[in-house]
Structures are given as C-alpha cells and as structure tokens.
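Below, each chain spelled out in residue letters.
There are 2 protein chains.
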Amino acid sequence: MNLNISINKKKNEFDEYYKNLLSNYLSKDKLSKAMIYGSMNGGKRIRPYLVSIFSKIAHVEKKYYMRLSAAIESIHSYSLIHDDLPSMDNDDFRRGKLSTHKKFDEATAILAGDALHDLAFEILSDKKTCPKDGIRVLLIKHLSKSLGSKGLAGGQSLDLIYENNKINISKILHMYELKTAVLFSYCCYAPFILANKSDYQIRFASEYGKLFGLIFQITDDILDVEEDFKSLGKTPGKDKKQGKSTLLSIIDKNKLKKFCISEIEIFRTKYQNLLKKYSILEKLIYLNINKLN
Amino acid sequence: MNLNISINKKKNEFDEYYKNLLSNYLSKDKLSKAMIYGSMNGGKRIRPYLVSIFSKIAHVEKKYYMRLSAAIESIHSYSLIHDDLPSMDNDDFRRGKLSTHKKFDEATAILAGDALHDLAFEILSDKKTCPKDGIRVLLIKHLSKSLGSKGLAGGQSLDLIYENNKINISKILHMYELKTAVLFSYCCYAPFILANKSDYQIRFASEYGKLFGLIFQITDDILDVEEDFKSLGKTPGKDKKQGKSTLLSIIDKNKLKKFCISEIEIFRTKYQNLLKKYSILEKLIYLNINKLN
Chain A
4 MNLNISINKK KNEFDEYYKN LLSNYLSKDK LSKAMIYGSM NGGKRIRPYL VSIFSKIAHV
64 EKKYYMRLSA AIESIHSYSL IHDDLPSMDN DDFRRGKLST HKKFDEATAI LAGDALHDLA
124 FEILSDKKTC PKDGIRVLLI KHLSKSLGSK GLAGGQSLDL IYENNKINIS KILHMYELKT
184 AVLFSYCCYA PFILANKSDY QIRFASEYGK LFGLIFQITD DILDVEEDFK SLGKTPGKDK
244 KQGKSTLLSI IDKNKLKKFC ISEIEIFRTK YQNLLKKYSI LEKLIYLNIN KLN
Chain B
4 MNLNISINKK KNEFDEYYKN LLSNYLSKDK LSKAMIYGSM NGGKRIRPYL VSIFSKIAHV
64 EKKYYMRLSA AIESIHSYSL IHDDLPSMDN DDFRRGKLST HKKFDEATAI LAGDALHDLA
124 FEILSDKKTC PKDGIRVLLI KHLSKSLGSK GLAGGQSLDL IYENNKINIS KILHMYELKT
184 AVLFSYCCYA PFILANKSDY QIRFASEYGK LFGLIFQITD DILDVEEDFK SLGKTPGKDK
244 KQGKSTLLSI IDKNKLKKFC ISEIEIFRTK YQNLLKKYSI LEKLIYLNIN KLN
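Residue numbers (my numbering), protein chains in the order written: chain A, 4 to 296; chain B, 4 to 296.
Any copy, or any two copies together, can satisfy a pair, since identical chains are not distinguished.
Taking lysine-lysine pairs in the DSS-like style, the calculated list, with each CA pair at most 30 Å apart, reads:
| no. | residue 1 | residue 2 |
| --- | --- | --- |
| 1 | 273 | 258 |
| 2 | 169 | 258 |
| 3 | 243 | 36 |
| 4 | 33 | 237 |
| 5 | 106 | 243 |
| 6 | 131 | 31 |
Everything labelled a hint here was simulated from the structure, so no lab data went into it.
Go ahead and model the full structure; you've got the sequences and the hints to work with.
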C-alpha cells in the first residue's frame, strides 16, 4: 500500500479510538471541551502511525499500543496548545482552525494543556496499557525524561532564547533534538519496551526516531517558508518574522536535503541488518524529505 | 514539641534536600533557573510536612518519603507558577517575591511549570522512590488522577468559571475539593500506599487530607481579606476584587469557623479508633483554623 494511504487509514482509525478514549476519561465541562478541541484537531497523527509500525514489528497487541499512542498524542496536543499561546509562538491558527486560546481563552488553554499532560500519565499508569507494572513504570520514566527540562520543555525554551540570535549549527541541532526528536524517538522505542526487546533493538528504534524527528523538523522549517496558509493550516512565514534560529536560516534548502540524505545513509550503514529485516522502516525514513520538491 | 516549631524544622530540612535534588536533576540554563526560582521560594512546605507525619506513622523510610515530598512540591510549585500568570490569577507577587513570570517572562514561566510537572513524574518513576514497581506506578496513577480535569486543573478551571457568578455552597465545596483538597489528600494517603497499608487506613488518610485541605482553603480565603501584603506575601484582598466565588462571600467568618469545627467533629467520631492511635493527627487538623483570631 502507498505510504500516504496507509498513514491516512491509520489516522482515521486512531481518531475514532482517541475520541472514544477521551469521552471515557473526560466530562462535559468547559475544560474537557477545550481538551477535546485541542487534541481532536485534524492532526496527521504521524506519531501514532510510528507507534503502530514499531508495535507491529515487535508484535505488540493493538489494545496496548493504541493506548500508548493516545498518551503520546495527549502530550503532543498539550505541547501545541501551550506553544500557540500569545507569550510563546503566538499563533491564532492551528491546522486551519482557531488555536485553543482563541477558541476558548488563554487561561482555559493553559489548563487544557496541563490536564492533557496529566492524562498521558493517567493512561500509561493504567494496567490496560500493559499488565506488567515494571514496563508501565519504565514507559512513564522515559516519557517524563523526554518532556522535562532536558527534553521537550527544554527545547521549547531554547527555541525562544535563540530567537534573533546568531546560533551555530550544533546548538540548533541540539535544540531540534529536544523540542522535536525526543518525542518521535519515544514513539519508536516505547513499543519495543512494551515488547521487552533487547537494549540493542531499543537503541536502534530510539536512533531511528531521532533521525525521523530531525528530518521532520527540517522539512517543517522549509514548508514554513514555501507553503501557504491553506496547505500549512497555520500562519506561514512565521519563523523568519519571529527571528527563529532554524538550520534553514544558515544553510540553503538543497544543502539541507543533502544533509538529511547523508544522515539517512549513515544510519542505514550502521543498522543495515535490522533495516533489511524491517523493510517498511527504510521507506518510512524518506517520508518527510519526499514532501520537498 | 510545638507544632509550628516542628513544621519549621521540617521545612528547613526539606528545603535543603529539595535544593540538592533539583541541582541533580536540572542544568544551569534559563529554564532550570526559573524552575528553581519558582520552587525554592520560601513556601511553608506544609505538604511535605503532612507527608513526613503520615510516613512516620506508617514507618516509611526517610529516603523514600523525601522523594515523594519532592515530587508533590514540584507539582505544587508548577500549579502556583501557572496560577500566577496574567491570564489566570494575575499576581505579580508570591511569598513576598516577584512571581516567576515577572522575574523571568511569561513563556519561561509556562515552560518552567510544565517541566516541574514532568519532574514530579520523573522522580516518582525512579526506583529510588520505592523499589517496588507496582507501588511506584500506583503512586503515579493516583497523582495523575488528582491533577487532571477531574482534579487540580479541573478545580482551577471552575475557580475561573465561577468568577463574578452566584454559585451555591455545594458547587464551591466541590471546587475547593478539586483545586486544593485532592493534593492535600494525596500527601496523606501516598505514604500509606508506600507502606502497603490496608484500604481502610488509606481511606482514613485520604479523608483526613481532604478535610485538612478544605479547612486550609477556607482559612486562606479569610486571611486574604484580613492580612496585609507583608504577612500574606502576595497581593491581599484579591478574591473580592476578582469576584472570586468563595464560601466567605456567602457565609460569615464565625459561621465558617463553626462549620470547620463541626466537620472535624464528624471526622473524629467516624475515625476515633485511628485518631486515638495517631494522636499527632488530632492536633494537626486544627492547625489552620487556629490561625484565625
């Protein structure tokens, strides 16, 4: 099956599952409505797709990996809601719709993000996600580390600090790793933790996810410049306007594409045995770079 | 020992422990500085005090319960940082010092809160908090439930929705339970979970904490009216100015005091056997009400 068709099919399936799960966990109050608005917002669900691919490879049952995906997507939604706030990236739109603080209000958006943040841990800590206590607590440990001051929040902070500053490539790469790649990485290795895979396999999945995330971020930066509101779903050209430090601000597009392809080659050489076994992953790693013309 | 002396001694001990723990987990970057600023801010550490009392009753080792306290205080700090934001309760001061968003900036304050939120789960998920996986994951499950849309964040949301509205007593009590009492409750029963106590004992501790939290909130509302900036450490008289729905806005102070004392009496009757055994708890439940003249 064509990769995009397969992603879209999985997206529809996840959306239905996630909507149900949210209605089980939430109420009908304003906060719950804002949480649902901010998380059921037409996202591509690329993270749940990665979870499903790695879960299939590792033979993780669907009833477990769908909950893992729901936890990750709750985290992703929380981070987008907070990221769009006026004092952060100040975007009134997200995926073509009003962002949560514009649809509701700032206070509700902050709290909706906070409560989605909790929901992820509530989902993971439940036996329904995995009957083994030791595995659930390990999933939680890795997730919390990926999100805190040395993960997602740390990366968002650097992103703001680096605005309108001359920042070198290695610092930008580090910022990309924290703000984008660690959560992608988690999507790939968490199913391997669920399946009790070896440390080597987990490291492979983790590095795959980091590479996927890096290319995702670089592609996102390029699309921010090239696409219009309709295809982007949010205000285009914002990185330049806000003086964001992106790789694209110091390296031209063609060189960036070459950089991504060379990073893929390095990875392929390092893990050729596993990539031969899991051939879908070879195709999938080109997903983002192929979006560029 | 006098209760206030004992609380203050524990506060100093916790502050030193927590400062060390934070420096182990954090870096020297701006976000880490904001996290430390927002959490090492001269708080009374009444939650860690409750944890220590219930831990002593349950014979939980200090090396475990201090980490539980650190997780809870990270959550409490995150909630205060977000609560002080301009779009929330908009307070420039906290405990006599600039609030985190005034000392740093709004974006940094939002992210510092988010990262402290994660830190709590990172601390709890570590084997150092308890060697048993099943207990750590249970602590995490209860905490995440206490914080989300049906806990702390839900209560904060109701607090904002109820501003400048006529709200009845039972709705205000429900809001107090969510925004204040559930976390106090957790401080009391989490040590009992660590010690693998019976369901009955855990229910006792949970109800004790809820009652403590309710009286804490009522006292806080009264002090907001009666105290000045110096003793309060934050802007006084704000509840009225912001049209907050408090019990004090519909019931006078003396009746509220009587209500608290009658709630204590009901609790004492229900759990007289356990209160006889744990006599410190009988004294402690009057802590907040005794602050009122």
